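Chemist: Chains A and B supply the protein sequences, listed in that same order. With this note's numbering as the guide, the letters of the first sequence map in order to residues 1 to 104. With this note's numbering as the guide, the letters of the second sequence map in order to residues 1 to 545.
Where hints are given, some of them may not hold.
Below, simulated SDA-like cross-link-like pairs (lysine to any residue); rule was C-alpha separation at most 20 Å, straight line [stated by the list, open to error]:
| id | chain 1 | residue 1 | chain 2 | residue 2 |
| --- | --- | --- | --- | --- |
| 1 | A | Lys21 | A | Phe59 |
| 2 | B | Lys230 | A | Phe78 |
| 3 | A | Lys82 | B | Ser284 |
| 4 | A | Lys21 | B | Lys281 |
| 5 | A | Lys26 | B | Ile95 |
| 6 | A | Lys82 | B | Ile529 |
| 7 | B | Lys230 | A | Lys26 |
| 8 | B | Lys281 | A | Val49 |
| 9 | A | Lys21 | B | Lys230 |
FYI, nobody ran anything at the bench for these hints, they're computed from the structure. All values reported here derive from a predicted model rather than from experimental measurement.
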Amino acid sequence: MNSRQTNAGDPPGQPTDPRWKLTPTKYAVAAILLVGIVVPLLVPTYARVEPRLLGFPFFYWYQLVWVFIAAGLCGLSFWLLKRERASYVRARSEQSGLSDGNRR
Amino acid sequence: MTGVNVVALIVLIVLFAIVTVMGFLAARWRRPDNLASLHEWGLGGKSFGTVTTWFLLGGDLYTAYTFIAVPAAMWATGAVSGFFAVPYTIVLYPIIFFFLGRMWSVAHRHGYVTTADIVQGRYGTRSLSLAVAITGILATMPYIALQLVGIQAVLEVTGLGGSSVLARDLPLLIAFAVLAAYTYSSGLRAPAMIAFVKDGLIYLVIAVAIIYLPLKFGGWHGIFDAAQAKMAAPSAANPKVPTGIFIPGDATYWAYASLALGSALALFMYPHCVTATLSSKDRSTGRRNAVILPAYSLLLGLLALLGYVAIKAGTKPIGLDGKANPQLVIPQLFEDHFPSWFTGVAFGAIAIGALVPAAIMSIAAANLFTRNVYKAYLRPEANDAQEAKVSKIVSLITKFGALLFVLLLDRQNALNFQLLGGVWILQTLPSIVFGLFTRWFHRWALLAGWAAGMIYGTVVAYGFCTLCTTRSFANPLAIVPLLGRAGYIGLTAFVVNVLVAVVLTLVLRAAKVSNGTDLTVQSDYFADIGQPGVLRTVEESQPIR
C-alpha cells in the first residue's frame, strides 16, 4: 500500500472503461457548456442601459435572455451525450456480453 | 401595518394546514415496504423521476429566503448585491451538467448517501471525508435558520407579533413543530410532495405580481427609472457614496461576476442539493433537470425586479419594532397592493417555500452526521434501521439548533453565518468534484487545500472587510490580492485552495506518499439503471470503509 499512486480499484495505468476516454463529442459538450459559463460572466459586454426592450435596460433583459440560451446549451449537450451513449450501448450489445459488468 | 390582516392570516393558516396533512401522508407515497433505512427515509427510496426532481430541486434551490432576500437587496442597494443571482443561476446549470451524472452513478453503484461518502469511497481517507461532512453540516445550519427568518418576515407583515416574546415567536414555534414532526415521520418524501404545492403557489403569485404590479405603476420603463434615481442618490448612511448600483461599472464588474460564479460553484456542494440530486431514479434525471430548472431562474429574475417595483411604489418596510427592515419589502409590497385573500396566498407560498428547503436541509445534514461521523467514528457496526433512527433524531436537533439561532441571536447573525457558510462549502469542491474525474489529486493535498481555503475565507471575511460599514462577516466582498479589485471572498479562497492542492499534489506524488485506497472503478462513474451489462447496486449495506 505504501507507494500505491494509481487507482486501487482499477489496474494501474490503464483505463478500464472506454467511456472514461475523452471523445470528440465530450470535447464539443465541454466547449458548449463553457460558453454557457463564461459568456454570461463577461459583465463589461452588457453593463449598459441602451438599447432598452419593453422598458427593460439592456443589462437586465440581456441576462434574462441568457437564461433561455443557457438552458438551450444544456439541452444540446444532453442530446449530444445521449446520442453518444446510444451508440456505445449498441456497439457493446453487438459484442454480446463482453462488458465491464461481467468483470466484477 | 395596523393590526392583524385577518383574511390573509386565515388563508395562510389554511394553506399551512393543507401542506401539513400532505406532509404526513407523504410517508405512504410510493409506499415503501420499510421506511427504516437512509435510502428510504433520507433519499425517498431513490425513486424520483424528472418531474418530481424538478419540483424538489426547485423547492430546494429557490428557497423562501431567496424570495425575500434577493428583491430586498435589489430594493436596498441594486444590481451587484441582488441581481447577481440571475447570472448565478444561469451559469449554475452548465456547471452542474459536468458532474451530476458521474456523482449520481458512483453514489448509486455503492449506495452512497452523502458527498462525504463519495469522497470516502474515492480516497478511503476518513479525515478528508470528515472535513467534507463537518463543512457541510456547519454551512447548512445557518441556511435552515434563514428559512425561519423568511417565515418570520411574512408573519411580521401580517401583524403577528408585537412586544411580547411569546406572541412574536409562538407562530414560528408552531410552524416549526409541525415541520419537524412530518420530516421525522416521512423523511424526504414530505418535502418532495409539498414542493408541488409550494412551486405551484409561487408561480401563481409571481405571475400575477409581475403582470399586475407594473401595470399599476405605469410600466417597466418608469420602474427602472425610479430605481436608477434611487441608486444614484446619496446614501442615507454615508452621503459621500451613492445608495447602490443600478448597472455595474468598472470597479464592480469583478464583484458581480465573482459573486455569480462562486455562488454557482458552491451551490451543489451543499448537502441539501446533493440529497435532492441523489434521490432521482436514474442517471439522466439530474442533467435533464439542468435543462428545465432554468424556468426557476427566470422566475427569480422577475422576482428580483419586484424590488425595483417596490421602489417605484414607495413601499415602506417598517417592522413592528418601528425600524426599517429591507427583508419586509416584498411581503409589504404584496400587502399594500393585493386584496387580502391574495396576500394570504402569497404569504402562504413564501411560508411553505421555507418549509421545503428547511426539511431537505435538516435531512441532508442529518445524513452527513449519521454516515460520516456516527457510522464512521462512533458505531461502525450500525445497521440500516439504526442509521435511519440516528438521522431522524439528528434532523430534529439540527432544526432545533436553527430555531435557537433565530430566537436567541440577532437576525443579522443568521445572515452573516450563511454568507460565511457559502464561503466554506465552496472549499469542499476540489475533494468532491475533482475526484469524480481524476485520481491525480492527492488526498492530503486536498485536505490541506481545504484547510487553506477555510482559513483564508474566514479570516478575510472577518477581518479585512474593505467595503463594509457593518460588522464582521456581513459582506461577501473583499479586495482580491494581486487583482486589486473587490471580489467574492469565497471564490478567492477557492483559488487559494486549488493552488495549494495542486502544489502539494506534485510534492506528495514525487515523494510517493500513499494516496489512499479507491473502492471505485471507472465504470462506476457511468452506471445507470437498466443499462445492459450493468449490475444492480453494489450491496447497499456494504461498509464504505
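Chemist: Now look at each hint and say whether the structure bears it out.
Modeler: Against the structure, the hints:
1. Distance hint between A/Lys21 and A/Phe59 is unfulfilled; the C-alpha atoms sit about 40 Å from each other, more than 20 Å.
2. At roughly 43 Å between alpha-carbon atoms, B/Lys230 and A/Phe78 are farther apart than 20 Å, so this suggested pair is violated.
3. At roughly 9 Å between alpha-carbon atoms, A/Lys82 and B/Ser284 fall within 20 Å of each other, so this suggested pair holds.
4. A distance of roughly 26 Å separates the Cα atoms of A/Lys21 and B/Lys281; the hinted pair therefore is violated under the 20 Å criterion.
5. With a C-alpha separation of about 14 Å, the suggested pairing of A/Lys26 with B/Ile95 holds against the 20 Å cut-off.
6. Proposed proximity of A/Lys82 and B/Ile529 is supported: the alpha carbons are some 15 Å apart, at most 20 Å.
7. Of the supplied pair hints, the one linking B/Lys230 and A/Lys26 is violated, its CA atoms being roughly 48 Å apart against a limit of 20 Å.
8. The suggested pairing of B/Lys281 with A/Val49 is violated, with an alpha-carbon distance near 45 Å, which exceeds 20 Å.
9. Only pairs whose Cα atoms come within 20 Å are accepted, and A/Lys21 paired with B/Lys230 is rejected, the gap being roughly 54 Å.
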